[in-house]
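Visitor: As a plain string of letters, each chain reads:
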Amino acid sequence: MIYGLVQILLFQSLGELVSKFLLPTLPGPVIGLVLLVIWLVIRKGINTELAMVADTFSQYLGLLFVPAAVGVVLFLPQLKANALAIITALVGSIILTIGSSAVVVRLLSKKASDE
Amino acid sequence: MSEKHSIVEIWVYLSGSPLFALFITLAAYQIGLTIYKHSKQNPLVNPVAIAILIVASTIQFIDMPYSTYFEGAQFIHFLLGSATVSLAIPIYRGLNSLKGRSIPLLASLCTGGLVSIISAVGIATLLGADSSITGAMYPKSVTAPIAMGIAERINVSPTLTAIFAVCTGILGAILAPFVLNALGMKAWWQRGFAIGIGAHGIGTSRAFSIHPEAGTYASLAMGMNGVISAVAIPIIYHVLNL
Numbered sequence: 001m002i003y004g005l006v007q008i009l010l011f012q013s014l015g016e017l018v019s020k021f022l023l024p025t026l027p028g029p030v031i032g033l034v035l036l037v038i039w040l041v042i043r044k045g046i047n048t049e050l051a052m053v054a055d056t057f058s059q060y061l062g063l064l065f066v067p068a069a070v071g072v073v074l075f076l077p078q079l080k081a082n083a084l085a086i087i088t089a090l091v092g093s094i095i096l097t098i099g100s101s102a103v104v105v106r107l108l109s110k111k112a113s114d115e
Numbered sequence: 116m117s118e119k120h121s122i123v124e125i126w127v128y129l130s131g132s133p134l135f136a137l138f139i140t141l142a143a144y145q146i147g148l149t150i151y152k153h154s155k156q157n158p159l160v161n162p163v164a165i166a167i168l169i170v171a172s173t174i175q176f177i178d179m180p181y182s183t184y185f186e187g188a189q190f191i192h193f194l195l196g197s198a199t200v201s202l203a204i205p206i207y208r209g210l211n212s213l214k215g216r217s218i219p220l221l222a223s224l225c226t227g228g229l230v231s232i233i234s235a236v237g238i239a240t241l242l243g244a245d246s247s248i249t250g251a252m253y254p255k256s257v258t259a260p261i262a263m264g265i266a267e268r269i270n271v272s273p274t275l276t277a278i279f280a281v282c283t284g285i286l287g288a289i290l291a292p293f294v295l296n297a298l299g300m301k302a303w304w305q306r307g308f309a310i311g312i313g314a315h316g317i318g319t320s321r322a323f324s325i326h327p328e329a330g331t332y333a334s335l336a337m338g339m340n341g342v343i344s345a346v347a348i349p350i351i352y353h354v355l356n357l
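As you go down the protein sequences, you meet chains A and B in turn. The opening residue of the first sequence carries number 1 in the numbering used here; numbering runs sequentially from there. The opening residue of the second sequence carries number 116 in the numbering used here; numbering runs sequentially from there.
Same shape as in the complex, but just chain B (with noise of 0.2 Å):
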């Protein structure tokens, strides 16, 4: 009998301690990665979607409760916060790209995010989606990290804001060559930028395996909507939601 209950201790023991939240989720991004680098980087096998899968699916089987989860998990959640003050980095190498464009990819990234909250939120009452979703779709187009920023600010859940971000840049990457091929878009630098609008993380390293100067300005985009947005999204959402 020991034996068995031994197994018992020694899983009671580390479920309890960070180690086994630290360990599936570090594991399942490793696997997320490896399958991603043999799909040949396909973008519908994302890495980050395949992580998010094996750990919920993991946690359900052990009926393990999310909050238990997410006490071991927040050490790594902790650290977007830094890695938010770190895109600080390729807006900073982006801002010369800037000049002499300033006004048209100004203009963009404005009716961009604009049109991004109004179509995502304006779709999604008029098919009737209930308010909690209508407002986690706000951000969406943000890159996660300042997405859920911005959700904590205007009380929505950060949760359904990430799930809702990790699709956008999904989809987005997948969808925007076929938008822009219909659209008839030439150059690389305006191609790259409505990327970055449109499907911030994932679309812009999506654009840096495409062309260079297309990544170039694609995190540009990404940077300078993630700012804008959340300066501009909690006055929007008040403004709407009076």
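Isolated chain A (complex conformation) (with noise of 0.2 Å):
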């Protein structure tokens, strides 16, 4: 366990790092994502603590985001003047999104196995 966390720590570090002095526009947690990536393919494989680690964070991800969603409190004005424009434009994207990143894939897997 602190195994694990030492090593997404360290990633995390190596991330910001990057971040302030390389790649400002990037955040350094995705720098440090990108980081572990390529090392786990060099090294090819995860080892037992990582994985236990990094999949209670997975497990419970959805905690992590509640303190900063809470300051909902302080948009609620804001958020109840643009209601309308605001239900209807997630509504409309997500339809969208799902839509046409489904009708991608299908149509260039469907090309590919035809070729």
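Calculated from the structure, these hints are not laboratory results. All values derive from a computational prediction rather than experimental measurement. A hint or two may mislead.
[As the list claims (entries may be wrong)] Now the stretches of chain A that chain B is said to cover, found in silico as 3 or more residues with beta-carbon under 8 Å:
#1 6-15
#2 18-32
#3 35-41
#4 45-53
#5 61-72
#6 77-84
#7 88-98
Ideal placement from N, C-alpha and C gives every residue a C-beta, glycine not left out.
Given two chains presented individually in distinct reference frames, assemble the corresponding complex, making use of the accompanying hints.
Guide: Spelled out as structure tokens, the structure:
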């Protein structure tokens, strides 16, 4: 468990350093993620401690954005004033996003299997 | 008088330390999880949404300023970065599934990512939403921890982004089966991948509960969408907001 956390924090710190000095447009944790994927590809495997920490994080991922999302109390008047636009935009965009992704992946994989 | 006095003192002490914020956050999430289990994992009964509602109404009710709450809850918030890094593991596990299908999957990812931004920002703008709302719409199809990182980079509210991302996940998990059935999508891997692009984490856990192949592809889509969006959204945002 601890060894897994040490690995995650190490890659997070590397990501923050790269973000600060080389790639300021990318959030540090995303760079850490990419570095960790590259490391896993080179090592050809995930050790059990790392897998355990990662699975725990993904199981309770939702808990971690509660503190920021509770900030909704500060935006209630603004959200109420724009409610119709927000709901229409979200629902419309979800249908179009899922629909277009699905159509593209089906179209291109049909072509690939015809060849 | 001393009894009443001491209760007030304890209350002041507890609400000044991180203990209270940590307690209500974890307790609210636990209540959310319990209700979710009892509802047989109905996507409408989302544990995160329940936790947000409980905590938000509690701090409103006791008149606690959000900044005081956040001071305590920041210890949970801090772990978002570590959780983002640990998304490397599901991506690594999904890399094998990419073989031989990388072109259709990458094309689908880019199309879905662009359609998501253009449609959400476009519809919201057309209906007269102000720029702080439309700005927070950009990363809404990205998994919340990465979406909030992107929001900070483009100077929009991470809170609004988190709210839109959670709503997108909940609505996407509900709407996805109807959209995919209407289009006659049959292959599980294609269905899963489209759900992962449109409805990130909440959609992915829904996909896993329907079919394991759909779940693997959904989590691959979610991770890749997060990384590509983190690179692309700041660029797209600055191009559209010159």
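Visitor: Are the hints correct? Go through all of them and say.
Guide: Here is how each hint holds up against the structure:
Counting residues of the stretch 6-15 of chain A whose beta-carbon sits less than 8 Å from any beta-carbon of chain B gives 5, enough to reach three: the coverage restraint holds. Look at the stretch 18-32 of chain A against chain B: 7 of its residues bring a Cβ nearer than 8 Å to a Cβ of that chain, three or more, so the hint holds. With 4 residues carrying a beta carbon less than 8 Å from a beta carbon of chain B, the stretch 35-41 of chain A meets the three-residue requirement, and the given coverage holds. Only residues whose beta carbon comes within less than 8 Å of a beta carbon in chain B count, and the stretch 45-53 of chain A has 4; three or more means the coverage holds.
Residues of the stretch 61-72 of chain A with a Cβ under 8 Å from some Cβ of chain B number 12, which satisfies the need for three, so the listed coverage holds. With 4 residues bearing a CB less than 8 Å from a CB of chain B, the stretch 77-84 of chain A meets the requirement of three and the coverage assertion stands. Remark: the stretch 88-98 of chain A is confirmed as covered by chain B, as 11 of its residues place a Cβ nearer than 8 Å to a Cβ of that chain, reaching the required three.
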